[in-house]
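Trainee: Model the full assembly from the supplied sequences, consistent with the hints where possible.
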Amino acid sequence: MRDRELIELLRRDPERGFRQLTDQYTGLVWSVVRARLGEAGTREDVEECVSDAFAAFYLSLDRMDPDSGTVKAYLCAIARHKAIDRCEALVRSGGVLSLEAESERAALADEFSVEEAFISAQRRRAVIEAVAALGYPDREIIVRKFLLGESSRSVAEDLGMTVSAVDTRTHRALKRLRSEWEETEA
Amino acid sequence: MKKDLYDILRDAAPEDLEPLWDALPAAEVDELTARRIRERAMKKAGIPVRGAGRRPWRRIAAAAACLVLAAVAAFATRAYAAELREYRAAVTFFRENELSLEGLTREEIKEVYRDISAESFTCGKTAEVMDRSMGTWSVRGFELDLGDPDPAELEALWNYRKMNVGDEAHPLYRVEQDGLRYVSQVVTAYNGAVYYSTVALFDHDDVSWEVKLHDISLWGVFPVSDGVIAWGDSPYLSYEDEILVRHNDERAVGLAKISSSGKLLWKLWLDGAAFPKEVALAASETENGNCVVLTRAFDAADEENRCYLVTVSAEGQIADRFEIRGPIPIKGKGHIAALGDEYLIFGEIAGEADSITRVSRDGSSVETHAYAEEGLTYHFSDMISDGEHVWLSGYSMAYDRDDILGLTQAVRARMAETGEAVSREELTKLTRDYYGAVLLVCSNEGGEAKTVYSVQGSVGRGLAFGGDGSLIWTVERIESSEFYAPGQMRPIDYVFSATHVFRYIFGSDGSLTREDTGEYSGFGPSQIIHAGS
Numbered sequence: 001m002r003d004r005e006l007i008e009l010l011r012r013d014p015e016r017g018f019r020q021l022t023d024q025y026t027g028l029v030w031s032v033v034r035a036r037l038g039e040a041g042t043r044e045d046v047e048e049c050v051s052d053a054f055a056a057f058y059l060s061l062d063r064m065d066p067d068s069g070t071v072k073a074y075l076c077a078i079a080r081h082k083a084i085d086r087c088e089a090l091v092r093s094g095g096v097l098s099l100e101a102e103s104e105r106a107a108l109a110d111e112f113s114v115e116e117a118f119i120s121a122q123r124r125r126a127v128i129e130a131v132a133a134l135g136y137p138d139r140e141i142i143v144r145k146f147l148l149g150e151s152s153r154s155v156a157e158d159l160g161m162t163v164s165a166v167d168t169r170t171h172r173a174l175k176r177l178r179s180e181w182e183e184t185e186a
Numbered sequence: 001m002k003k004d005l006y007d008i009l010r011d012a013a014p015e016d017l018e019p020l021w022d023a024l025p026a027a028e029v030d031e032l033t034a035r036r037i038r039e040r041a042m043k044k045a046g047i048p049v050r051g052a053g054r055r056p057w058r059r060i061a062a063a064a065a066c067l068v069l070a071a072v073a074a075f076a077t078r079a080y081a082a083e084l085r086e087y088r089a090a091v092t093f094f095r096e097n098e099l100s101l102e103g104l105t106r107e108e109i110k111e112v113y114r115d116i117s118a119e120s121f122t123c124g125k126t127a128e129v130m131d132r133s134m135g136t137w138s139v140r141g142f143e144l145d146l147g148d149p150d151p152a153e154l155e156a157l158w159n160y161r162k163m164n165v166g167d168e169a170h171p172l173y174r175v176e177q178d179g180l181r182y183v184s185q186v187v188t189a190y191n192g193a194v195y196y197s198t199v200a201l202f203d204h205d206d207v208s209w210e211v212k213l214h215d216i217s218l219w220g221v222f223p224v225s226d227g228v229i230a231w232g233d234s235p236y237l238s239y240e241d242e243i244l245v246r247h248n249d250e251r252a253v254g255l256a257k258i259s260s261s262g263k264l265l266w267k268l269w270l271d272g273a274a275f276p277k278e279v280a281l282a283a284s285e286t287e288n289g290n291c292v293v294l295t296r297a298f299d300a301a302d303e304e305n306r307c308y309l310v311t312v313s314a315e316g317q318i319a320d321r322f323e324i325r326g327p328i329p330i331k332g333k334g335h336i337a338a339l340g341d342e343y344l345i346f347g348e349i350a351g352e353a354d355s356i357t358r359v360s361r362d363g364s365s366v367e368t369h370a371y372a373e374e375g376l377t378y379h380f381s382d383m384i385s386d387g388e389h390v391w392l393s394g395y396s397m398a399y400d401r402d403d404i405l406g407l408t409q410a411v412r413a414r415m416a417e418t419g420e421a422v423s424r425e426e427l428t429k430l431t432r433d434y435y436g437a438v439l440l441v442c443s444n445e446g447g448e449a450k451t452v453y454s455v456q457g458s459v460g461r462g463l464a465f466g467g468d469g470s471l472i473w474t475v476e477r478i479e480s481s482e483f484y485a486p487g488q489m490r491p492i493d494y495v496f497s498a499t500h501v502f503r504y505i506f507g508s509d510g511s512l513t514r515e516d517t518g519e520y521s522g523f524g525p526s527q528i529i530h531a532g533s
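Residue numbers (the working numbering), protein chains in the order written: chain A, 1 to 186; chain B, 1 to 533.
By construction, these hints were calculated from the structure, which means they are not laboratory data.
These numbers were taken from a predicted model, which means no experiment stands behind them.
Just so you know, even glycine gets a beta-carbon here, dropped at the ideal spot from N, CA and C.
Misleading hints may appear alongside valid ones.
[As the list claims (entries may be wrong)] Restraint ranges, calculated between C-beta atoms of paired labels, are given here:
| hint | chain 1 | residue 1 | chain 2 | residue 2 | range |
| --- | --- | --- | --- | --- | --- |
| 1 | B | Gly124 | A | Ser120 | 40 to 46 Å |
| 2 | A | Glu182 | B | His369 | 36 to 42 Å |
| 3 | B | Ala416 | A | Glu182 | 26 to 32 Å |
| 4 | B | Gln317 | A | Glu157 | 51 to 57 Å |
| 5 | A | Gln122 | B | Ala319 | 42 to 48 Å |
| 6 | B | Glu28 | A | Glu5 | 24 to 30 Å |
| 7 | B | Glu28 | A | Arg92 | 39 to 45 Å |
| 8 | B | Glu119 | A | Asp65 | 50 to 56 Å |
| 9 | B | Asp386 | A | Arg2 | 55 to 61 Å |
| 10 | B | Arg85 | A | Glu157 | 18 to 24 Å |
| 11 | A | Glu182 | B | Ser259 | 44 to 50 Å |
| 12 | A | Glu157 | B | Leu264 | 36 to 42 Å |
| 13 | A | Arg2 | B | Met415 | 29 to 35 Å |
Mentor: Written out as C-alpha cells, the structure is:
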C-alpha cells in the first residue's frame, strides 16, 4: 500500500491501519532494532522495542509530512532511536554492553573522517547517496556497522561471511567513499 | 573537530536516510510474534483492540477449538515449511538483485519472485518493483509504462540488469559472428582492482561456454576462423585471494586464443619492447590468419611514448615487431584493421574529433586525418576489414569545436531561457537531434572515409560479417533521456539515455533489412564527457 493511503487508513480506521502497517514493516523494523540492540537485548527486548516504535510512529502521525519523507524512513528512524534508548536503559539496569562495535569504529575513524564542526545537509546527503550506491553486500555492511553500530562479527554471522571478509569489504567501501568525498572537495 | 561516517549518518534527517533502509533485509517474524507486537503497539497507542477483554467462556471455547486446530496444524506444518523456504528464497533473490521490497506483502514478494524466475513477466507487481528499483540500476532514462507494462520490455530490461549486478562486471565487447556472440567482460571491485576477465560464447541467450582469465584485464576479443582471440594487459591492481596486489612495474600485453569449443589453446605475453609497462592499444586479425597488436610503451629517458606493431602467428608465436616512426593519436584503447599494405588505426582523443591514422605495415610511414565536417564531430565505435574495404561505425555529434560543452550546454541554455527544468520529452528530442549513427567505408584506393548510411537520433556500435557475406551493423536508437546534475559527488553534468538495439543487415546482393533485437541498453556519461571535456 502506498504511503498516503496507509496514513489515511491509519487515521480513518486505526485498527485496520495498524494491521496494514505492521504487515508491511514489522520485518524491517525488527531488523533495525535487532541490529542496534545487538547482544545487549533479548528477543523480548526486541519485541518490546518494535512495538514501542510502531506506537510512537502512530502517535506522531500528525507531525509527519508525506511530501518530505516516507513512512519507512520515519519508522526506521524512530525504531533506531527507540533501540538506542533501550540499549542505554539496559546498561543502566546492569546489562552488559559489548564494546566490540565501538572499538571497531575507533579503529576505522581515520579511513573516513572529516575535519569539520559543521557539515551541510547537502553534503551529508551526498555521502548518503554514495553509500546507497554501493552494491550488495557492501551497502548492507556499511549501514549495519555505521548507521546501526553493529559489530563485524555480528554482520558476518548474518551474511554467512568471515569476519575478515566483512572487514576487507568495509575498508574498500570506506576508501571508495573517501575518494568520492575528496573528488567533491577538489 | 573530526567527524567520521558514524557521526555523519547519526546527524542526518530521517528523510535523508531513506535510501539506506533498502539495504537492510526484513527479518522473518512469525505470525504469532507479529500479532503480539501489533496488539502491544496498539495498546500503547491507545487504540482498542477488537476481541480483547473476552469473557472466560469464550476463552474456553477458543481453547477447545485450538485442540482441533492443532490436529489440522500438524498437517499444515509441512505446507508452512515449504512456504517459508520459498519466502526465504524470494527475499534472498530480491536482495541479490537489489530489488526493492518496499510496500510488498509476503505473498506479493513470492509472486514477483516466481514471475521473474519463470521469465513470464506478467505479474502486475513485477513492473512496479522494477520501476521502484530503477534508481539503483544502470539503465538511466528508461521509463516503464506502469499502466500497461509490456512483458517483452520487462524481460529485456531484466536481462540487461543481470549483466550489471553484483561486483562490477563490465561487458566490454560483443562480437557477433553467424548468429553467435562472443562477449568479454572484466569483473572488478569498486576500486577498479580486477578479480578476473571472462570470454563467453552465447548462442542466443544460452551460454555455450565461458573461459575465465585470471591474469589478463581484457580490452576486447575478435573472432578468427577457428575460435576467438582475446587481448588486454596484465592488471594494474588485482585481487588475489581477497588480497589487493599492485602490479606496478610488471605490466605487459597479453593475448589468449580460445577454440570454437571453448578450449584455451594458448596464452602469450608480448615482451620485447625496450621499456617497462607496455600496454595494448588495439588488436585484430589480418588477412593471412595472423593477428596484429598495436602497443605503446613509455620511454622515460626521452619522455616519449613509443608505439609498436607486433604480428602474432595463428599458433601464438611472435612473427615480427616494428616500431612506428611517428605519433599515434590515441588516448585510450582503439581499433586497428588491415587495408592493403597499410593498417588503419583510430582511437578516442578527448575534446577533439576522432582521427584515422594510416600506418605502413613496417611502421615506417604514418599519416593522420582528423575526421570532422562543418558543425559535426565524429566519434567512432568499431572498425572491420574485409580485405578490400574498411567499414567504420560510430556517431556524429552536432557540435563544432568552438562549442565544446556540447549537449549539456544546450540543456543548460534551455533551462536558463525558460527558468524551468527540461522535460524528459524535450531532452529526448534534444539528444536525438544531437546524435546520429554513421556507417563509413574506406577503400584501398582514395583513402578518405565516406559516409554510406546514417540514422539520426541513434548511435552506431559494433560491426560484424555474417556467414553469407552480409555486413551487420548494430545501431542503438535513443528512446528516452534524463539530465543528471549530481553536483556534489561529480564535477560535471551528464545526460543518460536508454537505447533500443537494432541490427541493420546490408546483404551482399545490395539489400538492407532492419532487425529489432528486443534488447535495451544505455548510452551514458563517458561519451558525453568526451563531447564536453
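Trainee: Now tell me, hint by hint, if it's right for this structure.
Mentor: Each hint tested on the structure:
no.	hint	verdict
1	B/Gly124 x A/Ser120: 40 to 46 Å	holds, 42 Å
2	A/Glu182 x B/His369: 36 to 42 Å	holds, 41 Å
3	B/Ala416 x A/Glu182: 26 to 32 Å	holds, 31 Å
4	B/Gln317 x A/Glu157: 51 to 57 Å	holds, 54 Å
5	A/Gln122 x B/Ala319: 42 to 48 Å	violated, 59 Å
6	B/Glu28 x A/Glu5: 24 to 30 Å	holds, 25 Å
7	B/Glu28 x A/Arg92: 39 to 45 Å	violated, 31 Å
8	B/Glu119 x A/Asp65: 50 to 56 Å	violated, 41 Å
9	B/Asp386 x A/Arg2: 55 to 61 Å	holds, 57 Å
10	B/Arg85 x A/Glu157: 18 to 24 Å	holds, 21 Å
11	A/Glu182 x B/Ser259: 44 to 50 Å	holds, 47 Å
12	A/Glu157 x B/Leu264: 36 to 42 Å	holds, 39 Å
13	A/Arg2 x B/Met415: 29 to 35 Å	holds, 31 Å
The structure is inconsistent with the numbered hints 5, 7 and 8, although it conforms to all the rest.
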